[in-house]
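A.B. asks: Here the protein sequences line up with chains A and B, keeping their order. Okay, so the first sequence: first residue is 2 according to my numbering, each after it adds one. Okay, so the second sequence: first residue is 609 according to my numbering, each after it adds one.
Some hints could be false.
As the list claims (entries may be wrong) - Pairs of lysine to aspartate or glutamate, DMTMM-like flavour, derived with a Cα cap of 20 Å:
1) K633(B) <-> D96(A)
2) K747(B) <-> D59(A)
3) K633(B) <-> E743(B)
Claimed, not checked - Some chain B residues near chain A, calculated using beta-carbon distances under 7 Å:
4) L681
5) L683
6) L704
7) L741
8) A742
9) L770
Unchecked claim - So the derived label-pair ranges between C-beta atoms look like this:
10) F746(B) <-> M100(A): 20 to 28 Å
11) Q90(A) <-> V674(B): 18 to 26 Å
12) D96(A) <-> L682(B): 40 to 48 Å
13) E754(B) <-> Q57(A): 20 to 28 Å
14) G718(B) <-> Q90(A): 45 to 53 Å
15) A671(B) <-> H7(A): 26 to 34 Å
16) P752(B) <-> F51(A): 15 to 23 Å
17) L765(B) <-> H7(A): 41 to 49 Å
18) V762(B) <-> D59(A): 19 to 27 Å
19) A94(A) <-> Q748(B): 39 to 47 Å
20) F746(B) <-> L99(A): 19 to 27 Å
21) F51(A) <-> F705(B): 23 to 31 Å
22) G700(B) <-> L97(A): 33 to 41 Å
Treat the hints as calculated values from the structure; they're not laboratory data. Think of the CB as a built atom: it goes at the ideal place given N, C-alpha and C, for glycine as much as any other residue.
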Amino acid sequence: MAIPLHHLLILGGLLFCIGLVGVLIKRNLIVMFLCIELMLNAANLTFIAFARHLSQMDGQVIVFFVMVLAAAEAAVGLALVIALYRTRQTMDADDLTLMKL
Amino acid sequence: MQEVLFYIFALLAVTGALSVILQKKTMYAAISLVVTFMAVSLIYFLLGAQFIGLLQLIIYAGAIMVLFLIVILLLDPFSEIFLRNQSIAWVGLAVLFGAGLFGILYTAFGQTPAESVPPPAPPGELAGHTQSLAEVLFKQYLLPFEVISILILVAILGAVILAKKRIS
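Looking at chain B on its own, in the form it has when it is part of the complex (with noise of 0.2 Å):
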């Protein structure tokens, strides 16, 4: 049950990718990578990490996706995008380069010897769960995460400021 629904997500995952670079206007495209977040989301869940997955779909999905969505807007909604200006071979070495590249990382992954691997461990009773996380992150990981407050304050300085009309 559980391998069949992450083979539909998995599938799902990759037309939304698919689509992201074959549509013609930036706003489809934009809208294809939310179809993408979800399936991502709705694996993070299958594999056990709820809280990251609620993450995925409230900050991905919700906060980063209507910041683009209304950027586009403000722009040029539907302008056509797609391969202006690029010619034939330049996307077809594109292309050749993310398959080769894909088709090493397919053959890494295939050859990974089974022994070294340690079996897949039972959903414990703590894996996944916001307590635990919540434990290592704010006692292991608490310089970090104090470090990555101060750098996200920054940017929304750095985004409100370059944003801005310069009035002279």
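Bound-form chain A, shown alone (with noise of 0.2 Å):
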């Protein structure tokens, strides 16, 4: 009784999509964060389906891997934020047109 590889790769595919349609039609900087962690997830799904798949631990090292970028990018990511907003006072992206500060 194991669960199947497709049923797996479908629910990494709608996570993706999802996430994929929250940064097309969000334009709060933070919201569009949150879905593109939300993307970061449903990859590192498929990898551990796979791992368990094909009985590898190459997946889940990759998963590791994954995860410590994610977590500088988040870092990184909201550090611009806050500085954007100390400077703009704003959050949306359709606001913040220039790159000059």
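If you follow the hints, you should be able to join the two separate chains into one complex; please do so.
C.D. replies: Structural data, given as structure tokens:
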């Protein structure tokens, strides 16, 4: 009684597509970040599914690296959001059209 | 039993993900994402990846989401974010694009020939155990491990410098 691989892949694809739609329709920087984290998680889920399917550990190691990358990305990204909010008083991506602070 | 649990957790994960993009306030979207992270972590446990499941709980649902929540509290916790300044046409186009991509993925996964995929391996003695993960991580992937530790050090320094208040 194992979980079929197809269903894991479909769940990963569904989570990825929801995150993608979120990035496209949202304009709040923090919510866009949340959706990116969701997409990273969907990719992780497929890595774990294949690691289980092929009974190799490499997929789990890559998920470990992706988690570290996500932590680094969240730290730098949120620091950028704080710096932007301090100078512009907005978190709306449509209001941030100039590169000059 | 395992399959029933998987479908429950999958439903929970998708519900949380939909709630992230449908909630009106940033804070509620972040809390919904925690639900998704926890459901995905439970799926990792079902798949025999206990260590990664625990890391998911500690790093994602713990550290990263606390970071997000602190930043949301620091800036504007309950601002209205629901599709501000968005035209209906753009939202419809984005949803159509996402649905189309999911359709392509669904057909691609469905058309995988069954004989080319090896049968799911039984949870072996070592599969998913922390010891075998550590042996792969610290022997075969030692150099990437060291490089990524430098990356996270640089990210910490960058975050401190970026978020520092400039005194002019």
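A.B. asks: State for each hint whether it applies.
C.D. replies: Structure-based check of all given hints:
no., hint, result
1, K633(B) <-> D96(A), "19 Å, holds"
2, K747(B) <-> D59(A), "12 Å, holds"
3, K633(B) <-> E743(B), "44 Å, violated"
4, L681, "11 Å, violated"
5, L683, "5 Å, holds"
6, L704, "9 Å, violated"
7, L741, "5 Å, holds"
8, A742, "9 Å, violated"
9, L770, "4 Å, holds"
10, F746(B) <-> M100(A): 20 to 28 Å, "42 Å, violated"
11, Q90(A) <-> V674(B): 18 to 26 Å, "25 Å, holds"
12, D96(A) <-> L682(B): 40 to 48 Å, "19 Å, violated"
13, E754(B) <-> Q57(A): 20 to 28 Å, "22 Å, holds"
14, G718(B) <-> Q90(A): 45 to 53 Å, "49 Å, holds"
15, A671(B) <-> H7(A): 26 to 34 Å, "33 Å, holds"
16, P752(B) <-> F51(A): 15 to 23 Å, "18 Å, holds"
17, L765(B) <-> H7(A): 41 to 49 Å, "44 Å, holds"
18, V762(B) <-> D59(A): 19 to 27 Å, "25 Å, holds"
19, A94(A) <-> Q748(B): 39 to 47 Å, "41 Å, holds"
20, F746(B) <-> L99(A): 19 to 27 Å, "47 Å, violated"
21, F51(A) <-> F705(B): 23 to 31 Å, "26 Å, holds"
22, G700(B) <-> L97(A): 33 to 41 Å, "25 Å, violated"
Violation of the numbered hints given earlier is confined to hints 3, 4, 6, 8, 10, 12, 20 and 22; the remaining hints are satisfied by the structure.
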